[in-house]
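Reconstruct the complex from the two isolated chains, following the hints.
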Amino acid sequence: MTLNRTLAPEFQAIDHISLIEPEHTQLPNGCKVYWFNSGDQELLRMEWIFGNLRFDSAKPLLNMAVNTMLTEGTSALSATQIADKIDYYGAFLQAEYGYDNSQLTLYSLNRHLGHTLPVIKDILTDSQFPEKELDTYIRNQQQKLQVSLQKNDILARRAFNRAVYGDSIYGLSADAVHYQQLKRADMLAHFKQMYQPANCTLVIAGKADEEALKQIIDTFSDWENAADPADVSQQLIESATEHFYFTEKPDALQSAIRMGLPMVNRTHPDFPALQVLNTVLGGYFGSRLMANIREDKGYTYGIGSGISSLKYGSAFFIATEVGADVCRNAVDEIEKEINLLKTEPISEEELSLVRNYMLGSLLGSLENVFSHADKFKNVYFSGLNYDYYTRYTEIVKSVTAEELLALANHYWNFDEFYKVIVGKY
Amino acid sequence: MVKFNRFTLSNGLRVIVHEDHTTPMAVVNILYDVGARDESPEQTGFAHLFEHLMFGGSINIPVYDEPLQRVGGENNAFTSNDITNYYITLPAANLETAFWLESDRMLSLAFSEKSLEVQRNVVMEEFKQRYLNQPYGDVWLRLRPMVYKQHPYQWATIGKNLEHIEHAKIEDVKAFFKKHYNPQNAIMVVGGDVTTEQVKALAEKWFEPIPAGEKYERNLPQEPEQQDERRETVTAKVPLNDIYIAFQVPARTDENYYALDLISDILSRGQSSRLHRSLVREKQLFSEIHAYLTGSFDKGMLVVEGKPLENISIEEAEAAIWQELEEMGKAPITDEELTKVKNKTESTMVFAEMALLDKAMNLAYFELLGDADLFNYETENYLKVTAQQIQEQAQRVFRKENSSTLIYLAEK
Chain A
108 MTLNRTLAPE
118 FQAIDHISLI
128 EPEHTQLPNG
138 CKVYWFNSGD
148 QELLRMEWIF
158 GNLRFDSAKP
168 LLNMAVNTML
178 TEGTSALSAT
188 QIADKIDYYG
198 AFLQAEYGYD
208 NSQLTLYSLN
218 RHLGHTLPVI
228 KDILTDSQFP
238 EKELDTYIRN
248 QQQKLQVSLQ
258 KNDILARRAF
268 NRAVYGDSIY
278 GLSADAVHYQ
288 QLKRADMLAH
298 FKQMYQPANC
308 TLVIAGKADE
318 EALKQIIDTF
328 SDWENAADPA
338 DVSQQLIESA
348 TEHFYFTEKP
358 DALQSAIRMG
368 LPMVNRTHPD
378 FPALQVLNTV
388 LGGYFGSRLM
398 ANIREDKGYT
408 YGIGSGISSL
418 KYGSAFFIAT
428 EVGADVCRNA
438 VDEIEKEINL
448 LKTEPISEEE
458 LSLVRNYMLG
468 SLLGSLENVF
478 SHADKFKNVY
488 FSGLNYDYYT
498 RYTEIVKSVT
508 AEELLALANH
518 YWNFDEFYKV
528 IVGKY
Chain B
20 MVKFNRFTLS
30 NGLRVIVHED
40 HTTPMAVVNI
50 LYDVGARDES
60 PEQTGFAHLF
70 EHLMFGGSIN
80 IPVYDEPLQR
90 VGGENNAFTS
100 NDITNYYITL
110 PAANLETAFW
120 LESDRMLSLA
130 FSEKSLEVQR
140 NVVMEEFKQR
150 YLNQPYGDVW
160 LRLRPMVYKQ
170 HPYQWATIGK
180 NLEHIEHAKI
190 EDVKAFFKKH
200 YNPQNAIMVV
210 GGDVTTEQVK
220 ALAEKWFEPI
230 PAGEKYERNL
240 PQEPEQQDER
250 RETVTAKVPL
260 NDIYIAFQVP
270 ARTDENYYAL
280 DLISDILSRG
290 QSSRLHRSLV
300 REKQLFSEIH
310 AYLTGSFDKG
320 MLVVEGKPLE
330 NISIEEAEAA
340 IWQELEEMGK
350 APITDEELTK
360 VKNKTESTMV
370 FAEMALLDKA
380 MNLAYFELLG
390 DADLFNYETE
400 NYLKVTAQQI
410 QEQAQRVFRK
420 ENSSTLIYLA
430 EK
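For the record, the sequence lines run as chains A and B.
Position 247 of the first sequence, counting from 1, maps to 354 under this note's numbering, and the rest follow consecutively.
Position 211 of the second sequence, counting from 1, maps to 230 under this note's numbering, and the rest follow consecutively.
Simulated from the structure, these hints should not be mistaken for laboratory data.
Check before you lean on any hint, since a few could be wrong.
Derived, one-sided and incomplete: chain B residues facing chain A with beta-carbon distance under 7 Å [stated by the list, open to error]:
| no. | residue |
| --- | --- |
| 1 | Asn79 |
| 2 | Val90 |
| 3 | Thr108 |
| 4 | Trp119 |
| 5 | Glu145 |
| 6 | Gln169 |
| 7 | Pro171 |
Just so it is clear, CB atoms sit at the ideal spot from N, CA and C, and this is done for glycine as well.
Pulled out of the complex, with its shape left as it was, chain B reads as follows (with noise of 0.2 Å):
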């Protein structure tokens, strides 16, 4: 159980506060409403590109790492095709110089002309190391468009190339700010050695100034239900065959969504998981496979992938998968699988709340799913599924109609 307090300032700052006195430091996570899906089909890349940017000096304060560093803190951040976040971890004696670095970046940017140049080149830079220059690297670049035709999931955070990031703009980010960065759009947790008290009236003191600005509101292109199976076979420099099968699926939010989340596990997670069971050891058709979720907000996926064996044809190794999925639909789980990945799931939860920033960032992301404090819940929604609504889940997605199946062959 996490327990928490929570208020919203003037300006409509979401300000929620987890006291944890176990330990000496602190930690500010500020997620904002914006991420990959919120770009112009002819700007992606921008929401990532814009993080890295957030560093690059804000109106009053030139730089904004090494204050932070001089006080002992460290931060990151992430972005992905929902969301963006920032974090700060700090020694809480010093909570002080976070609320002052965070809020200044909240009320505007320096946007210095120097620092698009440097982070241009270098998102670059990562586009090539995480995307290009790795065999496999392009993956969800081609993977992508096969599941999505309308809505924006149909580019990966990075964007669809280089050149829409080089192509970026001083005046293309002033506009994103305004319209993204802003209280109302912003989510803040701050946890560990701090007293709701005292985050009140920092929150006050370095917030509440700022303009509220403009909601965003999102209106996204949804994407229809998928009607027709769809292919591609690539041929790459890529040392071994490689299948990847997605499926489309429900939305993070859907009642749906534990019991799918449950499909994965049992189909992929840990020794005893059924693809690796059958088809690594038994059959020994692959030499790794793995199934998992994206968990979006909006229409997800569900991707199974798996490295066939150098002697083993596409065909048999795709049929192999294609068996074990259709089992799923066939006939319920037995009580003994279901309570299996039913307890690793309830113990991963109880792992997770001994790192204190997973729990700033979970509150954070259930904050804007609609509640903190479904965070709390989360072990129940899992616990709840039952056999046949694993069995129906199973039947509505595997089917031939409502996958993508990308297949890397290796040029000989």
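So here's chain A without its partners, still in its complex pose (with noise of 0.2 Å):
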């Protein structure tokens, strides 16, 4: 029998993900622990998750420059110490500071969680911020801003997000005068309010077995809390009143594009469907930005947009590189492309594309028992639960291209759209 190569092979679309959910406790001092007991090798990742602390636009880089400073001494360890422990033992600590949350990473093996857990413990209440650190820490992130500041497409980020969510801890772009305003009072009183176990949730994932979380645990029962309580609010949003930005950069090459508007976030009953919208419009590889700018004209390396899902705001954005002399015509075409998805509806064909690739997607981003917690991350800090999977599932399945329509009305309007270019246009 001869091969018929034109012939796709049969194949069964995505029924069901099965997603791991944690089990749970809470220590007495507050702190709420989930882990994941899974996978072969004899490894963890441990993650102490604390929310950031009301911005304070007189002090805006404290939530930063605190939990960025973490792993740079306390009163028994340097920053070197520090540093060497981690190593020795083969562990990975990162200090990652985020939006809503900051954390405290370690990778550890099993076998070594005795030596590597009293380091964290001792960072997590002891830090110190030393003096000479701080102005090491100065200087250099002083020097990386210049070179971020050299690029258009970090320029374009900071521009957007800074007229999307204005004078507030998203909009935020740090600058070389607020590196230069970080105090080390300032620094000690942010880190004893901000990282106190009331304001923890550690996630676990890993061989998480009875034995590595005694030893857990035990590490943390006698950390204590703060006087006063953590205060995790964050003021309203305000978005600035202009919406174009142009910042001419006569040499080049290449324009970054940034465009979008403030969105509803995750908690809302239209944003599964959302993701559908943008799939379609610029969440994967065959999106019509790509196919369009990409594929077809030859614009651009790549175009994508997104909704970043934030708790208390939320945007949609459409970001790109293109070469500078078609700047106008790249943002003439996405124009296009927003107002085709408000006036016609979507190919039945083109949809059930999309809500494949999406569930695929979903599917394979289960890759370990990492990924497993990192599902559980976006629903809990968003206040959500599992719940939130089974209905974003079913939608994606079945919302209809009418449906759609509906909601590229109701939340596209090109001329809303805040836009910013850097380089030509």
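Laid out in structure tokens, this is it:
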């Protein structure tokens, strides 16, 4: 029998996606602990996650700087000693600042927990932010900032966030002068208020067997809260009134474009369907923006769109870097694609492809136990539970072209988009 | 320990199967034994441009991405100076779609003029985005020709210049395909929720009918040992001064590779590493400094790169780097420091086993180096390295006459 290579093989649509839910407990000091026990390897990922403190525009960098400098020394251990211990036991320690929460992550082999956990305990209870390390941090960050500010895509992102999120923790663009304002006393005070057990969620994934859990919980059971609870509220976000921002770079070979507008976040009933709409527009390699602006016109190496869902706000955005000479054409084509989704229903053929792609992508994102923990964090920190994923998969499977058309009309008005261009226009 | 089964089809295609039933997904990774080093000096950037064209439709399937996305799959590819690697992740139930797509483009491309025209533009925009419109983006365009005078590693995968890409013709594309893209020059790894029998049956059905093609015999000019100190200074629109020092080092398959990789770890892996500790923290000369190996199949590079603080002269900064490098040749490192970098390497290997796609890529890579099973002996090879070997290699490599120094001066 000859093989007919023009015919695609039969395939199955993804019917069910099973997610692992964590077990949990709460320590007497208020620290919430969630764990996923699975995997063949004798290793663990532990994330101590803390809500950021309320934004203070007079001291805008504190949330970020305090988090980044957690590994810079305690009363007992210098920055170098912390690094030595962690590296010696083949562990990995990362401080990660986020818009809503900031965290300390430790990857460790189970057999070395006895050596690695005490270092974390020391950091979370007794970070000192030594003056010398603070000076080094300020100097190095200011140097790195100079490099970042030469990159058009970074400038575009800063201007866009500033416009959409205003003077808030999300809209902040660090400047050299902000680093200069950092004071050790402020950092210590911020640290004490934020890094306390009642403001901490510990998420553990990997070989979280009884022995490992006991070791972790024993280490942190005598961790004490500060006198006052952490204030993790944020003020209301006010977007800018100006909608167009152009920074000219006369020598630019490419222009960075970023545009979009405030959007509902994950907790809104429309969110899953908006994800489908976004995927059609610019959320995957075969998206309309890629097909038109990269694959048909060749204006860019890449273009995409997305929805960033945050606790107190959210934004829909389109981002790309295009040849400087075709910047206006690219903006026109983006407008065309937006308007097309508002006037013509998506064909069932395209929609079914996107449905399958999104479900496959969700399934494929569950690579190992760490990914299951990541899925948990997505809903947990949005104040949702696993019903969200059930609803998400249902809506991805069933949302109609008419519903998507209505959503595009409701949420997208190109004239109301914030538009940022850095380069030539 | 990554277990696998291995067989070869009658047309020479090597197939490796790694069963991992903890996931509902499958990966298909196809490595073609061709990289930028196989290009003609007059037509650089071609292997990478060709990678883009592999997504422009094949002989029986007009578009590549769409049918894959329709079954819930994703794909991507990369080109290096040594290899071109394509990979697919998809629900294991739809594995056959990946075989259908990959076998058709191994059989023959559509060679569409439109696809060539568009991808030329896309790659030129990529060239601008990553190499020209970024501060320090052109570093590899400058540094490679300093380190390599004979070997084709003297150009970057993106190519020497925009013109080479602009002038690519469809005849060139066809000739390149014929020369490099056939079963004899490829290695396929299938991993995930699959069985060896299933993969064997699918491979025989979709890949075995593809003609074996001609075997490409690689015969590249090898780079002679460097005898002279090389140096270039450029004044550029960059915000900060930057120092790059590149050293010639033995190939990936050389027995000394592991010692050299540990040398780069001792110098620069993590906050406790020597360069960071001494030059960023203690002496406060640099805002950041790194060292890394290229891990090339032929003679490679060990690169040290650092941005001095604004009040520090290039001379002082450079002298401080050399002092650290020469230190490694003067005395053997302590057991404790050696154990530290070995422990880090060992745990990195354990973590790497958590990722299915990484395992598949590694199996293909090591099979090309000679045997997929070498992947399972990597940790052992690192653990065997002695302090004496590290000292010897440091003495051999960190010499002025084996160095190429590129300085960026910020235009004020």
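Proposed interface contact between asparagine 79 (chain B) and chain A, which counts if any beta carbon pair is under 7 Å:
4 Å, holds
Against chain A, with CB atoms and a cut of 7 Å, does the hint on proline 171 (chain B) hold up?
Nearest chain A Cβ about 24 Å off; hint violated.
Grab the minimum C-beta distance from glutamine 169 (chain B) to chain A and call the hint holds if it beats 7 Å, violated otherwise.
32 Å, violated
Could you check if valine 90 (chain B) really has its C-beta closer than 7 Å to a C-beta on chain A?
4 Å, holds
Chain A contact restraint on tryptophan 119 (chain B) - CB to CB distance below 7 Å:
5 Å, holds
Are glutamate 145 (chain B) and chain A close enough, Cβ to Cβ, to be under 7 Å, as the hint says?
The hint holds - glutamate 145 (chain B) has a Cβ within 7 Å of chain A, the shortest such distance being about 4 Å.
Given threonine 108 (chain B) was flagged as interface, is its beta-carbon under 7 Å from a beta-carbon of chain A?
Hint on threonine 108 (chain B): holds, closest Cβ of chain A at ~5 Å, below 7 Å.
Checked against the numbered hints given earlier, the structure breaks hints 6 and 7 and satisfies all the rest.
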